[in-house]
Amino acid sequence: MTAGSQPLPLTFVRREAVPAAPPPSLVAGPLAWLRRNLFSSPANAVMTLAALAVIALAVPPLLRFLVFDAVWTGENRDACRAEVIGRPVGACWAFVGAKINYFIYGSYPIEERWRPNVFFALMAIGVGWMLWLDAPKRAWGALYFFVVFPVASYGLLTGVPSLGLPAVPTALWGGMLVTLIVSLVGIVASLPLGILLALGRRSRLPIVRLFCVIFIEFWRGVPLITVLFMANVMLPLFLPGDVTVDRLARPLVGIALFSAAYMAETVRGGLQAIPRGQTEGAMSLGLSPWHRMRLIILPQALRIVIPGIVNSFIALFKDTSLVSIVGIFDFIRTIESARVDPAWAAPTVVMTGYAFAALFYFVFCFGMSRYARFVERRLAAGQTR
Amino acid sequence: MPTQLPADAPSGPPRVSPFYDPRIRGAAYQILLLLAVGVVAWIAIGNAAENLRNARVASGFGFLGNTAGFDVNQTVIPFTAATSTYGTAFLVGLTNTLIVAAIGIVLATLLGFAVGVARLSPNWIVRTLATVYVEVLRNIPLLLQLLFWYVAVLASLPSARDSYALGTSVFLNQRGLYLPKPLLAADAWALPLALAIGIIGTLLFRAHARREQARTGRRLPVLAVGLALVLGLPLLAYGVLALLGIAPVALDFPIKGTFNLRGGMQLYPEFVALVLGLTVYTAAFIAEVVRAGIQAVNRGQTEAARALGLQPGPTMRLVVIPQAMRVIVPPLTSQFLNLTKNSSLAVAIGYPDLVQVFMGTVLNQTGQAVEVVAITMAVYLTISLVTAFAMNLYNRRVALIER
Numbered sequence: 000m001t002a003g004s005q006p007l008p009l010t011f012v013r014r015e016a017v018p019a020a021p022p023p024s025l026v027a028g029p030l031a032w033l034r035r036n037l038f039s040s041p042a043n044a045v046m047t048l049a050a051l052a053v054i055a056l057a058v059p060p061l062l063r064f065l066v067f068d069a070v071w072t073g074e075n076r077d078a079c080r081a082e083v084i085g086r087p088v089g090a091c092w093a094f095v096g097a098k099i100n101y102f103i104y105g106s107y108p109i110e111e112r113w114r115p116n117v118f119f120a121l122m123a124i125g126v127g128w129m130l131w132l133d134a135p136k137r138a139w140g141a142l143y144f145f146v147v148f149p150v151a152s153y154g155l156l157t158g159v160p161s162l163g164l165p166a167v168p169t170a171l172w173g174g175m176l177v178t179l180i181v182s183l184v185g186i187v188a189s190l191p192l193g194i195l196l197a198l199g200r201r202s203r204l205p206i207v208r209l210f211c212v213i214f215i216e217f218w219r220g221v222p223l224i225t226v227l228f229m230a231n232v233m234l235p236l237f238l239p240g241d242v243t244v245d246r247l248a249r250p251l252v253g254i255a256l257f258s259a260a261y262m263a264e265t266v267r268g269g270l271q272a273i274p275r276g277q278t279e280g281a282m283s284l285g286l287s288p289w290h291r292m293r294l295i296i297l298p299q300a301l302r303i304v305i306p307g308i309v310n311s312f313i314a315l316f317k318d319t320s321l322v323s324i325v326g327i328f329d330f331i332r333t334i335e336s337a338r339v340d341p342a343w344a345a346p347t348v349v350m351t352g353y354a355f356a357a358l359f360y361f362v363f364c365f366g367m368s369r370y371a372r373f374v375e376r377r378l379a380a381g382q383t384r
Numbered sequence: 000m001p002t003q004l005p006a007d008a009p010s011g012p013p014r015v016s017p018f019y020d021p022r023i024r025g026a027a028y029q030i031l032l033l034l035a036v037g038v039v040a041w042i043a044i045g046n047a048a049e050n051l052r053n054a055r056v057a058s059g060f061g062f063l064g065n066t067a068g069f070d071v072n073q074t075v076i077p078f079t080a081a082t083s084t085y086g087t088a089f090l091v092g093l094t095n096t097l098i099v100a101a102i103g104i105v106l107a108t109l110l111g112f113a114v115g116v117a118r119l120s121p122n123w124i125v126r127t128l129a130t131v132y133v134e135v136l137r138n139i140p141l142l143l144q145l146l147f148w149y150v151a152v153l154a155s156l157p158s159a160r161d162s163y164a165l166g167t168s169v170f171l172n173q174r175g176l177y178l179p180k181p182l183l184a185a186d187a188w189a190l191p192l193a194l195a196i197g198i199i200g201t202l203l204f205r206a207h208a209r210r211e212q213a214r215t216g217r218r219l220p221v222l223a224v225g226l227a228l229v230l231g232l233p234l235l236a237y238g239v240l241a242l243l244g245i246a247p248v249a250l251d252f253p254i255k256g257t258f259n260l261r262g263g264m265q266l267y268p269e270f271v272a273l274v275l276g277l278t279v280y281t282a283a284f285i286a287e288v289v290r291a292g293i294q295a296v297n298r299g300q301t302e303a304a305r306a307l308g309l310q311p312g313p314t315m316r317l318v319v320i321p322q323a324m325r326v327i328v329p330p331l332t333s334q335f336l337n338l339t340k341n342s343s344l345a346v347a348i349g350y351p352d353l354v355q356v357f358m359g360t361v362l363n364q365t366g367q368a369v370e371v372v373a374i375t376m377a378v379y380l381t382i383s384l385v386t387a388f389a390m391n392l393y394n395r396r397v398a399l400i401e402r
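Protein sequences, first through last, are from chains A and B.
Under numbering that gives the first Met the number 0, the first residue of the first sequence carries the number 0, and numbering increases by one thereafter.
Under numbering that gives the first Met the number 0, the first residue of the second sequence carries the number 0, and numbering increases by one thereafter.
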């Protein structure tokens, strides 16, 4: 046999050592991080440069407008006019400073403004009680937030002449006060109503189920503006001719029904996530349907949809801005009416008003969404492996 | 005579008092509910009829035939104050709503997918930028954003005389965005025909490609052929017509005059602000939907695809995205519906959509609150239900088929 006809070796064994490779030049440190994250490939480098260009275009003018060129103090429009003060003018924060009480209280009488302040404090107590998961006596907190606080606030804000609180008609309310009231009424009314609707939608009784499905799908299928228009023009029609509905109360009814439908779907998700075994277990203990629901199913269902509920609240909070379209003096409306004040006629006043409103909504909504994330993580702690 | 059963033998289900029988209770609850709803509805309708009689408002839909007597500045169907009816005004509002919704959905989907993918980018700067975009825009009310675009941005644009110009044919000023307007000549019917042939051809080729792949495993270049057919055929038709000396499409360019722009297609500032606001706002939500969908695909799927030798591009296109779509489609549908419903905020900035024209102007002029509100709500409900139905059909097609 010749060497050429030998069978090919099935294994290859290297007989000499491989020379040591140089150590990888960059695996740690800031430069390596830059290379791995930002310049790992030509396409990635292009994206990095494009993103940097966007930042370079957007951030410096924004900072200049909001901070460096901003006017912080002043009595009237002259403070915010470039030709008067002789330098470029950014945001006119002096305008916000001058109008801040209007933005908070609207036209609520000045000597009675301690009442909204007490309302804000009562609200802070209730919200804190509900949001702090380890707070003492949270059942009492719920009672306070859903029953005591709304009744007390109603008396406090509208006035009880027999207790020495003069009546303040709702036409004078405005600003953040109204925005918060509308959101709170939406929240306080939509949660119980939404739970009822969700239970009804899962009921075995066909007529109850059908009724709930129609109710939910109807409100979810129409825009909130049409609901507000309907509440505004049709609610008075449906009541006897001599009954008048407060102008502020009309959109509140619309918002409550609208957000209850969304809340119902959130809660339904939670109910569907509870395993059947929980119901069966409760049945085997001899609990009645009512006790099964109240003691076993609902607490678990509500617990897992807390993030979803908070998300509904965020949506509701943003949506309350629409009441300005049907003529309620909410925060947006006060901004709109303050920005056309001739005493403050300056070019950047519009932008400043919107920036202030954006900041207000952003702080609330972003705070709520962070809270939802925190609850989600905390509830998931038991499930992490 | 029937046999007498022993007294203690169980006979059928245990006897319960009718008061505790779940079936009887259930029936009683439902009857009570029906009664309550019926009574409330009866009282409400009675009150409404009484109030309307007192206010001397004629009920019924006859008002739709009356002459409107107001003008609408942006219409795609002919509308004149002197002769058009309230019915036509309704159609004007409806078409304007549908146009804004359709354009907004397309743009928001494109932007939303881009931002959603950017949020998962390995590139830290790109990822952070996308996160900031989503967090900022999601947490500020749409109404405020619309006012910002309309009042603060578009109103601070220069007057017509010093318009911003992009090239020589696109202008932006206080009166809106001016674009070249395509004018179809009489002989232009060949172009839509070519386009239709291209689309049908693409669909046929795709079906053929599917069969071919199932049979042989070879993948035919569907995208390239489709593009060639859809774009190429109309271009070919255009070329042939041009060679014959017929100009099928003329572009009417906006021309800068001394005080104003003439010609072209004018997009009004209200329209621009509404589309801009809806797109930018909804895209933030779509980005989150897309991100959640892609993250829901098991990492092992990507790894398996790479182990089979697939490049990153095909891995994304053939393995990850189809599975992500199952998670993306239902919430994406909700976002489309939200955008459509949110277009009703047009009323805040004066774009003549359905709510502004019909629920605003027509309702104020006629006082027919019940009819106008009912029609408007019925339109949105129909749009919602039809969209949900269509997307459910699509969803069923892409849904996971389990054993």
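Treat the hints with care, as some may be off.
[As the list claims (entries may be wrong)] Pairwise CB distance ranges (calculated):
hint: 1; chain 1: B; residue 1: Leu194; chain 2: A; residue 2: Val66; range: 49 to 59 angstroms
hint: 2; chain 1: A; residue 1: Val212; chain 2: B; residue 2: Val169; range: 24 to 34 angstroms
hint: 3; chain 1: A; residue 1: Leu48; chain 2: B; residue 2: Pro313; range: 21 to 31 angstroms
hint: 4; chain 1: B; residue 1: Ala377; chain 2: A; residue 2: Trp289; range: 32 to 42 angstroms
hint: 5; chain 1: B; residue 1: Ser16; chain 2: A; residue 2: Lys136; range: 35 to 45 angstroms
hint: 6; chain 1: A; residue 1: Trp71; chain 2: B; residue 2: Pro313; range: 48 to 58 angstroms
hint: 7; chain 1: B; residue 1: Thr94; chain 2: A; residue 2: Ser336; range: 28 to 38 angstroms
hint: 8; chain 1: B; residue 1: Val36; chain 2: A; residue 2: Met129; range: 27 to 37 angstroms
hint: 9; chain 1: A; residue 1: Leu56; chain 2: B; residue 2: Pro191; range: 37 to 47 angstroms
hint: 10; chain 1: B; residue 1: Ala43; chain 2: A; residue 2: Val83; range: 51 to 61 angstroms
hint: 11; chain 1: A; residue 1: Ser39; chain 2: B; residue 2: Val169; range: 45 to 55 angstroms
hint: 12; chain 1: A; residue 1: Trp71; chain 2: B; residue 2: Ala377; range: 50 to 60 angstroms
[Unchecked claim] So, partial list: chain A residues that the calculated Cβ filter (under 10 angstroms) puts toward chain B:
hint: 13; residue: Ser39
hint: 14; residue: Val53
hint: 15; residue: Ala69
hint: 16; residue: Thr72
hint: 17; residue: Phe118
hint: 18; residue: Arg201
hint: 19; residue: Arg203
hint: 20; residue: Val221
hint: 21; residue: Leu223
hint: 22; residue: Phe228
hint: 23; residue: Val232
hint: 24; residue: Ser320
hint: 25; residue: Phe361
hint: 26; residue: Phe365
No lab work stands behind these hints: they were computed from the structure.
All residues carry an ideal CB built from backbone N, CA and C; glycine is no exception.
Taking the hints in turn, this is what the structure says about them:
1. In this structure the hint that B:Leu194 and A:Val66 lie 49 to 59 angstroms apart at CB holds, the actual value being about 53 angstroms.
2. The given range of 24 to 34 angstroms is broken by A:Val212 and B:Val169, whose C-beta atoms sit roughly 49 angstroms from each other.
3. Evaluation of the 21 to 31 angstroms hint for A:Leu48 and B:Pro313 yields a pass: the beta carbon distance comes to about 27 angstroms.
4. Take B:Ala377 and A:Trp289: their Cβ atoms lie about 38 angstroms apart, and the range 32 to 42 angstroms holds.
5. Between B:Ser16 and A:Lys136 the CB atoms are about 40 angstroms apart, so this pair conforms to the stated range of 35 to 45 angstroms.
6. Look at A:Trp71 against B:Pro313: about 57 angstroms separates their beta carbons, and that is inside 48 to 58 angstroms.
7. Separated by about 33 angstroms at the C-beta atoms, B:Thr94 and A:Ser336 satisfy the suggested range of 28 to 38 angstroms.
8. Remark: the range hint 27 to 37 angstroms for B:Val36 to A:Met129 is upheld by a beta-carbon distance near 33 angstroms.
9. Our hint of 37 to 47 angstroms for A:Leu56 and B:Pro191 holds, since their Cβ atoms are close to 41 angstroms apart.
10. Judged by the Cβ atoms, the range 51 to 61 angstroms given for B:Ala43 and A:Val83 holds: they are separated by roughly 59 angstroms.
11. A hinted range of 45 to 55 angstroms is violated for the C-beta pair A:Ser39 and B:Val169, which are about 37 angstroms apart.
12. Restraint check, A:Trp71 to B:Ala377: a C-beta distance of roughly 52 angstroms satisfies the suggested window 50 to 60 angstroms.
13. The closest approach between the C-beta of A:Ser39 and any C-beta of chain B is roughly 7 angstroms, which is under the 10 angstroms cut-off, so the hint is satisfied.
14. With a least beta-carbon distance of about 6 angstroms to chain B, the hint placing A:Val53 at the interface is held under the 10 angstroms criterion.
15. The closest approach between the C-beta of A:Ala69 and any C-beta of chain B is roughly 16 angstroms, which is over the 10 angstroms cut-off, so the hint fails.
16. Restraint check, A:Thr72 versus chain B: the minimum CB separation of about 23 angstroms is more than 10 angstroms; hint violated.
17. Hint status for A:Phe118: violated, given a least beta-carbon distance of 23 angstroms to chain B, over 10 angstroms.
18. A cut of 10 angstroms between beta carbons decides the hint on A:Arg201: the least distance to chain B is about 14 angstroms, and the hint is violated.
19. With 10 angstroms as the threshold, the beta carbon of A:Arg203 comes within range of chain B, its nearest partner Cβ sitting at about 7 angstroms, so the hint holds.
20. Restraint check, A:Val221 versus chain B: the minimum CB separation of about 5 angstroms is within 10 angstroms; hint holds.
21. This hint holds: A:Leu223 has a C-beta 8 angstroms from the nearest C-beta of chain B, less than the 10 angstroms allowed.
22. About 5 angstroms separates the beta-carbon of A:Phe228 from the nearest beta-carbon of chain B, less than 10 angstroms, and the hint is met.
23. The interface hint given for A:Val232 is met, as the beta carbon of that residue sits about 4 angstroms from the closest beta carbon of chain B, less than 10 angstroms.
24. Below 10 angstroms, beta-carbon pairs count as interface contacts, and A:Ser320 has one with chain B at about 4 angstroms; its hint therefore holds.
25. Hint status for A:Phe361 relative to chain B: holds, with the closest Cβ pair at about 5 angstroms, below 10 angstroms.
26. For A:Phe365, the interface hint holds, the least distance from its beta-carbon to any beta-carbon of chain B being 5 angstroms, beneath 10 angstroms.
Going through the hint list in order, the structure does not satisfy hints 2, 11, 15, 16, 17 and 18.
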